[in-house]
Amino acid sequence: MAKAKASVVTKVDLNPTVVVDDVHVTYRVRGSGRSASLRRLLGKGKSIKEVHAVRGISFTANHGEAIGLVGRNGSGKSTLLRVIAGLLPPTRGTVFTDAQPSLLGVNAALVGGLTGTRNIELGCLALGMSKKEVAKRFDSIVQFSGLGEFIDMPMNAYSSGMGARLRFAIAASISHDILLIDEALATGDAEFRARSEERIQQLREQAGTVILVSHSLGSILQTCDRTIWIDKGQIQMDGPTKEVVTKYDEWAKAHGVGKARRDRAALD
Amino acid sequence: MTRSGSSSTAAEYAVAHGLKPTGLRPSFWHYLKGIWQRRSFISAFAWAKVESANAESRLGQFWQLINPLFSAAIYYFIFGVLLQTSRGIENFVAYLVVGVFLFTLIQRSISAGASSIRTNIGLVRALHFPRAILPISAVLEQLIAFGASLFIMIPVLLLTGEPITWSWLLFFPAVLIVVTFCMGASLLFARLAANTKDVSQILPFGLRAWMYASGVFYSVDRFTAGFPEWVTTVLNLNPGAIFLQITRDALLESYSAPAIVWVWAAGWAVGSFVIGFLVFWSDEAAYGQS
Numbered sequence: 143m144a145k146a147k148a149s150v151v152t153k154v155d156l157n158p159t160v161v162v163d164d165v166h167v168t169y170r171v172r173g174s175g176r177s178a179s180l181r182r183l184l185g186k187g188k189s190i191k192e193v194h195a196v197r198g199i200s201f202t203a204n205h206g207e208a209i210g211l212v213g214r215n216g217s218g219k220s221t222l223l224r225v226i227a228g229l230l231p232p233t234r235g236t237v238f239t240d241a242q243p244s245l246l247g248v249n250a251a252l253v254g255g256l257t258g259t260r261n262i263e264l265g266c267l268a269l270g271m272s273k274k275e276v277a278k279r280f281d282s283i284v285q286f287s288g289l290g291e292f293i294d295m296p297m298n299a300y301s302s303g304m305g306a307r308l309r310f311a312i313a314a315s316i317s318h319d320i321l322l323i324d325e326a327l328a329t330g331d332a333e334f335r336a337r338s339e340e341r342i343q344q345l346r347e348q349a350g351t352v353i354l355v356s357h358s359l360g361s362i363l364q365t366c367d368r369t370i371w372i373d374k375g376q377i378q379m380d381g382p383t384k385e386v387v388t389k390y391d392e393w394a395k396a397h398g399v400g401k402a403r404r405d406r407a408a409l410d
Numbered sequence: 015m016t017r018s019g020s021s022s023t024a025a026e027y028a029v030a031h032g033l034k035p036t037g038l039r040p041s042f043w044h045y046l047k048g049i050w051q052r053r054s055f056i057s058a059f060a061w062a063k064v065e066s067a068n069a070e071s072r073l074g075q076f077w078q079l080i081n082p083l084f085s086a087a088i089y090y091f092i093f094g095v096l097l098q099t100s101r102g103i104e105n106f107v108a109y110l111v112v113g114v115f116l117f118t119l120i121q122r123s124i125s126a127g128a129s130s131i132r133t134n135i136g137l138v139r140a141l142h143f144p145r146a147i148l149p150i151s152a153v154l155e156q157l158i159a160f161g162a163s164l165f166i167m168i169p170v171l172l173l174t175g176e177p178i179t180w181s182w183l184l185f186f187p188a189v190l191i192v193v194t195f196c197m198g199a200s201l202l203f204a205r206l207a208a209n210t211k212d213v214s215q216i217l218p219f220g221l222r223a224w225m226y227a228s229g230v231f232y233s234v235d236r237f238t239a240g241f242p243e244w245v246t247t248v249l250n251l252n253p254g255a256i257f258l259q260i261t262r263d264a265l266l267e268s269y270s271a272p273a274i275v276w277v278w279a280a281g282w283a284v285g286s287f288v289i290g291f292l293v294f295w296s297d298e299a300a301y302g303q304s
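Residue numbers (my numbering), protein chains in the order written: chain A, 143 to 410; chain B, 15 to 304.
Next comes chain B alone, as it looks inside the complex (with noise of 0.2 angstroms):
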C-alpha cells in the first residue's frame, strides 16, 4: 500500500523514490534563469498592458498623459509665483517640467510595481513564473507611458528656449539608471505589501513626501540654511534628487551636475536592484497566499 500512514514515512517513501518538496524557493541562479528565460513575456506583458489600457479608454490615456502637465502648471503658480522658489533658477518652466515628468515616472513606477502581485493575483495563482517578472513589468510598462509624455515634455522643453545639445544623449543613461533604481524599490515594495496590505496605503504618501523632499520645485540647498550641514547633505544625496540632477544635468544647457553624482545616481541604482531582487526572491514561494 503507498498511502502513508505516518508522515515520517510517506516523506521517506517520496525522497526514496526522488521526489522533491514543491513550493520551495528556487535556488538564486535557477531564479535568475527563469526570469531571463522569460524575457520576452516580460516584455509582452508590459507592452500588452499598455495596449489594453489604450484600448479602454483613449482619453483616459490622453488624460494620463497630460496629467504631468497639469501638475507642473499648478506647482509653477504655487512655486513660482506666489512663493518665489524659482528665483536663482535659470528656466525655471523646463526645470520644473523635467522634474515633475521624471517624478511622475519615479512615483507612478514604484506604485504600480508595489501593487502588482495583488492585481495580477489571478495571474500568480494560476500560472508557474518568477514572480519577480511582475514588478519589473510593471515599471517596465511606466517606462513605455514616459516615453509617451516625452512627445508633450520635449516640446516645452523647446519652447521655453533650451537647445538640443550633445548632453542630450545623456537622458539615456539617466532614465535607465532611475529605471533601474525603480524596479529595485518596486521588488522591495512588492515584498512588504505582499504580506501587509496597509503598506500599498500609506505608499503614496511616502512618495509625495519624497518628492517635496527632493527639490522638484526648487533647490533644496535654498531652505536647508537654517538647519546643520549634515540636513543639506543628507536631502542633496537622497536618490530623488540624485536622479532629477542628473536628469537636468541632461537636458538643460543651464544646470551641470559634478561628476560625483552620477556616480551616486549608479550607485543607488545597482544598491537598490541588488537589494530589492533579493529581498523579494528570499520571500518567493510564498506569493500567492490569500
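Here chain A stands alone, though its shape is the one from the complex (with noise of 0.2 angstroms):
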C-alpha cells in the first residue's frame, strides 16, 4: 500500500496523461518473389518474415510535458505514435491514456482531387466537428496555411509542402488534450515553420501533453523539454532535450547517420 500513498504524493507536482506500458510491434510481411511464393504455395519454410519494429517501450508522459523523439530512420518513432494514438494495436503491452490523443501527421490522406476549400471541410468534419464550427473556424485555417488563391485548386496541384501546410493547418485548428506530432514542421517554409512552433507552444499550453517526432534537432530543441532516443524499437536515453540531442547527435556523427539533416538542424 505504501506505492499508492505515493502515487498519491506525486500526484500533485507528476500527472501523467500517457502511460507507456513494455509495448512491442510485430509486422508480417510477406516474402515476395517467385520462390516466396512457390514455398508458400507448397507450405515448405516459412516465406512470412516477422519486422519486430518496436521492442518494449516503457515511458510515462505528464501533464505540460512536451516530449521529443529521436532515432534515424526505422527506428520505430512513427510507429511507436501511432500506436499511441491508439491508431495501430501493439503486439504486447498498452499504452495507458487519460483523453484521446490526436496524431497530427503529414501523411494524413485527404481527397486529391478536390479543392483545398472542399479538403479543410471534410477534415474538420472527419475531426468531429460541425458544419457551423467548420464555417467558424474556416478562415483562420485558410489563413494559418497560407496558401491564398491556391485555396480553390484542387489539391492535386499542391505541392507537398503545400499539401502539408493545409493539413496541418486544419488538425491544429482544434485544441488537444494529448498531442503528437509526426514531422509536421520538417515542411514548408522557415516562415511557416515559425508559426507552427508557435502554435504547438499554444496547444502546449492548452493541451496536456505534446510528443514530437522530427529528424530535425532545431526544433526538437525549440520545442520539446523532454526527449526520448530511439535506436532499433528500443529507448537508447531518456532525460532533458540538451543532454539526449547532444548525445544522439555524436552517436549519429559517429555512425554517419543523416548528415544532411543535420547540416540542415545546425542552420536552424
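To be clear, the hints were calculated from the coordinates, so they are not data collected in a lab. It is possible that some hints are incorrect.
[Stated by the list, open to error] Derived contacts from chain A toward chain B, CB cut-off under 8 angstroms, selection only: (1) LEU229; (2) PRO231; (3) THR236; (4) GLY255; (5) LEU264; (6) LYS273; (7) MET379.
[Said to hold, decoys possible] No farther apart than 20 angstroms at their CA atoms in a straight line, the calculated lysine to aspartate or glutamate pairs in the EDC-like style are these: (8) LYS395(A) x ASP373(A); (9) LYS47(B) x ASP297(B); (10) LYS34(B) x ASP391(A); (11) LYS47(B) x ASP164(A); (12) LYS191(A) x GLU207(A); (13) LYS34(B) x ASP319(A).
Quick reminder that beta carbons are idealized off the backbone N, C-alpha and C, glycines included.
Starting from two chains that each stand alone, build the complex the way the hints lay out.
Below, the structure is given as C-alpha cells:
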C-alpha cells in the first residue's frame, strides 16, 4: 500500500497523461518473388517474415510536458506514435491515456481531386466538428495555411509542402489534450515553420502533453524539454532534451547517420 | 521516478491515475453516437469522392454511367435473342434494364464497401473516427452514381412503353431497402477483407454468380423445373431475387410481386444491416493494421 500512497503524493506535481507500458509491435511481412510464393504454395518454409519494429518501450508522459522522439529512419518512432494514438494496435503491451490522443501527421490523406476548400471541410468534419464549427474556423485555417488563392485549386496541384501545410492547419485548428506530431515541422518554409512552432507552443499550453517526432534536432530543441532517443525499437536514452540531443548527435556523427539533416538542423 | 520498471506496476500506476488503455473497442452505444455525430462527414465524404472522380475524368464517369446499358444490350442479345429466356416475360427490355441497373448498384456498392478500409488506409491511420463510416459512405457514393444512372434507365422504360404510375413511388422504399442491405453486406465484407486480402479477389466472382442465380435476365422458375421444389424456393427467396422482384413490382406495369415479398425484402435489409454492423464493430480496434 506504500506504493499507492506514494502515487497520491506525486499526483500533485506529476500528473501522468500517457503511460506506455512495455509496448511491442511486430509487422508481418510476406516475402515476395517467385520462390517465396512457390514455397508458400507448397507449404514449405516460412515466407512470412516478422519485423520487430518496437521492442518493449515503456515511459510515462506528464501533464504539460513536450517530449521529443529522435532516432534514425526505421528506428520505430513513427510506429510508436501510431500506437500511442491508438491507430495501430500493439502486438504486446498497453498504452494508457487520460484522453483520446490526436495524431497530427503529414501523411493524412485528403481527397486529392478536390479543392483546398472542400478538403478543409472534410478534414474538419472527420475530426468531429459540426458544420457550424467548420464555418467558424474556416477563415483562420485558410489564413494559417498561407495558401492564399491556391485554396480554390485541387490539392493534386499542390506542392507537397503546400499539402502538408494545409493538413497541419486543419489538424491544428482544434485543441487537443494529448497531441502527437509526426514530422509536421519538417515541411514548409521558414516562416511557416516559425508559425507552426508558435502554434505548437499554444497547443501545448492548452493541451496536457505534446509528443513530437522530428528529424530536425533544431525543432526538437526549440519545442521539447524532454527527449527520448530510440534505436532499433528500444529506448537508448530518456532525459532532458539538451543532454539527449547532444548524445544522439555525437552518436549519429560517429555512425554517419542523417548528415544532411544535421546540417539543416544546424542552420535552424 | 515515474519511468516504469515492471509492467504490472506501470499498469497499476496508470489505473491509479485514472488513465485508460487506448485502442480498445468502443462500447456499442458510444460507437453509434460517434457515427451519428459525424453524419455530415458521411455524406460530405461520399459527395467529395463523386466530385473528385468527376474532376479526374468526365469521360470516365460517362462510361461508368453508360456501362450498365451496354451490359443490358449484351444480355439482351444473348438471353433474349439467342437463348430466348425472354419468353413469357412482357416488355423484356424494361425487365432486363431494371434488373441490370439494380444489380449494378448492388455489386458496385458491396465491392466498393468491402475495399473501403484498404482504399482509405491513409485516413484510417491518421484520424480517429468510427471506421464503419467508410463502408457506409462508399455505399452512399454508389447510390449517388445510381441516382445519375436513372437519367438513362427511366427514359429506356418510357421508350419501351412503360407508363408512369403511382406504384413508381414504391421505387423509393425499394431502393432504401436495397441500400440498407448493401451497407450491411459491405460492413461484413469490409471486416473480412481487412483480415484477408483474398476476400476482395474472390468477391467479384461471388457477386457475379449471385447475379446469375437471382434472375436478372430470366425468371428463376424457368430453369428449376427439373429440380426439387426447395431449390426454387431458395433461389426465389435469396435477397438478390427478392430485391429484383420488389423493384420490378414498383416500376413495371406488367409485373407484380405479392406483399410477402416486400416483407422478405425488409427482413433481409434489417438482418443484413444488424449482423454486418455488429460484426464490423466487434473488430473496430484492429482496422489499420498492415
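So, going through the hints one by one against the coordinates:
1. LEU229: holds, 5 angstroms
2. PRO231: At 5 angstroms from the nearest chain B Cβ, PRO231(A) passes the 8 angstroms test, so the hint holds.
3. THR236: Result: holds, 5 angstroms to nearest chain B Cβ.
4. GLY255: holds, 3 angstroms
5. LEU264: holds, 6 angstroms
6. LYS273: Nearest chain B Cβ about 5 angstroms off; hint holds.
7. MET379: Violated: closest Cβ of chain B sits about 12 angstroms from MET379(A), beyond 8 angstroms.
8. LYS395(A) x ASP373(A): Holds, at roughly 15 angstroms.
9. LYS47(B) x ASP297(B): Holds, at about 17 angstroms.
10. LYS34(B) x ASP391(A): violated, 35 angstroms
11. LYS47(B) x ASP164(A): Violated, at about 32 angstroms.
12. LYS191(A) x GLU207(A): violated, 37 angstroms
13. LYS34(B) x ASP319(A): Given pair LYS34(B), ASP319(A) holds - Cα atoms ~14 angstroms apart, limit 20 angstroms.
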